[in-house]
Structures are given as structure tokens and as C-alpha cells.
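Trainee: Sequence:
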Amino acid sequence: MSKPTLHGVFLSGPTYKAGLMLSLTGTPFAYRHVDLRGGKHKAPEFLALNRYGQVPCLEIDGMALCQSGAILEYLAEKTGKLRGADALARARAREWIFWDFDRLAPGIYRVRAAELGFRQFAADVLADLKVQGKAALDVLESELKGRDWLAGKEPTIADVDVYGVVRYAPEGKYDLGAYPGIQGWLKRFEALPGWKAPEDLLPKQDQA
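To get the numbering used here, take the position in the sequence shown, counting from 1, and add 12.
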């Protein structure tokens, strides 16, 4: 596997998921900061890599991958790590990734963006997003009762993906202290070899 290059933004949760997966699998990578405010994600050279004009984008093995879930799956297959012990575990991991995108991420990421002043929402829309975020955290808490990991007896890309959202919940003013199951899972995840916090993993500028 060639040394990958991760294109992203240090404030981006999905970029963090991709960088975290690279770190957890022990994969060295170069980093390219994409200036979203300067419109660099819509520049022709970036769109040639990522047709969606979004971050993250991972250049690897002579191609460019976008969408964090696809990046996690590819790295799991290439490295053989965090893949899931069998077909069922891999299907469950994919199930969690789809659920996250549909149910968890919108309420957490968008409320966080509003709290940090990155985005503005009408009051009723923001209130609905908060309800969605809490409902998703309630589901996650229920599922973590009596189990250590989301998709089997060992950590998988499901944990990487969902962690990359829940990590930012406190910035959206969600009280994770009300979720002992989630808190225990966070501690287990953060004890994994290769784990790094966003500020220690994603630079604010290009890095070889």
C-alpha cells in the first residue's frame, strides 16, 4: 500500500474519522489542509480528486476515495485491522455506519456547528436537531448495555465511525454524563493503541 495523503480540515469530524483510522491501523500518512472558507474544496484541482467537493478525501493506491465510511472500509480491508471477525460482524459494522449517517451525525454535527457559530438554523429546526441527537444517543446507550463494542467482541470500523461523532457531542452541549454505557465505551476506545485526540492528529496546515 502506498503512503496515503489525507485531505481535510482539522475541525471536521469526518476528517477525524479517516485520520483516526489511519492512526489506529499504524498507517503513516501525509496531510493536506483544505481551506473551506477560501473555497479550495470547490477548486478544479480538488474537484478532480473529490467530485463532491467535500472533506475528507484520501489519496491512496493511485486513486482518491471520498466519504469517511468508504475510507474506513477500504483501510480495514487493506490493513486487515478493525475489519470484523466474520461476515456478520462486518455486516453489523456497516449497519452502524449507515445508522450513524442517518440518525446520529445530523443531530450531533449540526448542533455542534450551531453552538460554535459555524452555521445558523431557525429555532424550530435547531430544536428538532437536538431532539434527533438525544434520541440517537439514547439508542446508542441502550445498545452498549452489556457489550464492550458495537459490532462484535472486538473493536471495528463501527466504533471508529460512531466515536468520530460522539467525540464532538459535548461541543453541541450534549451531556454525556447521562450515558454511563457510552462513557465506558469512550474510555475503552481511547485506550486503543494508536488513538489520538483530534487536536493531536489533525494539523492546521499541510504536513508531510
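Hints are computed from structural coordinates only; laboratory data are not their basis. Hints are not guaranteed to be accurate.
[As the list claims (entries may be wrong)] No more than 25 Å apart at the CA atoms, straight line, and that leaves these computed lysine to any residue pairs for SDA-like: (1) Lys-157 - Asp-98; (2) Lys-90 - Leu-188; (3) Lys-157 - Leu-213; (4) Lys-54 - Asp-98; (5) Lys-146 - Asp-98.
[What the hints assert, rightly or not] Label pairs and their in silico Cβ distance ranges: (6) Glu-89 - Ala-190: 35 to 41 Å; (7) Glu-166 - Arg-131: 32 to 38 Å; (8) Arg-131 - Ala-203: 18 to 24 Å; (9) Val-143 - Ala-42: 21 to 27 Å; (10) Ala-42 - Arg-63: 19 to 25 Å; (11) Phe-130 - Ala-60: 25 to 31 Å; (12) Phe-130 - Gly-189: 21 to 27 Å; (13) Lys-54 - Leu-100: 36 to 42 Å; (14) Asp-160 - Ala-99: 17 to 23 Å; (15) Ala-139 - Lys-165: 24 to 30 Å; (16) Lys-216 - Arg-131: 26 to 32 Å; (17) Leu-138 - Ala-203: 31 to 37 Å; (18) Asp-114 - Leu-204: 36 to 42 Å; (19) Arg-131 - Tyr-64: 16 to 22 Å.
As the structure is a computational prediction, the values presented were derived from the model and not from experiment. From the three backbone atoms N, C-alpha and C, an ideal C-beta is built for every residue, glycine too.
Trainee: Are the hints correct? Go through all of them and say.
Mentor: Here is what the structure says about each hint:
no., hint, in the structure
1, Lys-157 - Asp-98, "22 Å, holds"
2, Lys-90 - Leu-188, "34 Å, violated"
3, Lys-157 - Leu-213, "30 Å, violated"
4, Lys-54 - Asp-98, "40 Å, violated"
5, Lys-146 - Asp-98, "31 Å, violated"
6, Glu-89 - Ala-190: 35 to 41 Å, "36 Å, holds"
7, Glu-166 - Arg-131: 32 to 38 Å, "36 Å, holds"
8, Arg-131 - Ala-203: 18 to 24 Å, "33 Å, violated"
9, Val-143 - Ala-42: 21 to 27 Å, "41 Å, violated"
10, Ala-42 - Arg-63: 19 to 25 Å, "22 Å, holds"
11, Phe-130 - Ala-60: 25 to 31 Å, "27 Å, holds"
12, Phe-130 - Gly-189: 21 to 27 Å, "25 Å, holds"
13, Lys-54 - Leu-100: 36 to 42 Å, "41 Å, holds"
14, Asp-160 - Ala-99: 17 to 23 Å, "21 Å, holds"
15, Ala-139 - Lys-165: 24 to 30 Å, "39 Å, violated"
16, Lys-216 - Arg-131: 26 to 32 Å, "20 Å, violated"
17, Leu-138 - Ala-203: 31 to 37 Å, "34 Å, holds"
18, Asp-114 - Leu-204: 36 to 42 Å, "26 Å, violated"
19, Arg-131 - Tyr-64: 16 to 22 Å, "18 Å, holds"
The structure fails to meet hints 2, 3, 4, 5, 8, 9, 15, 16, 18 from the earlier list, while all remaining hints are met.
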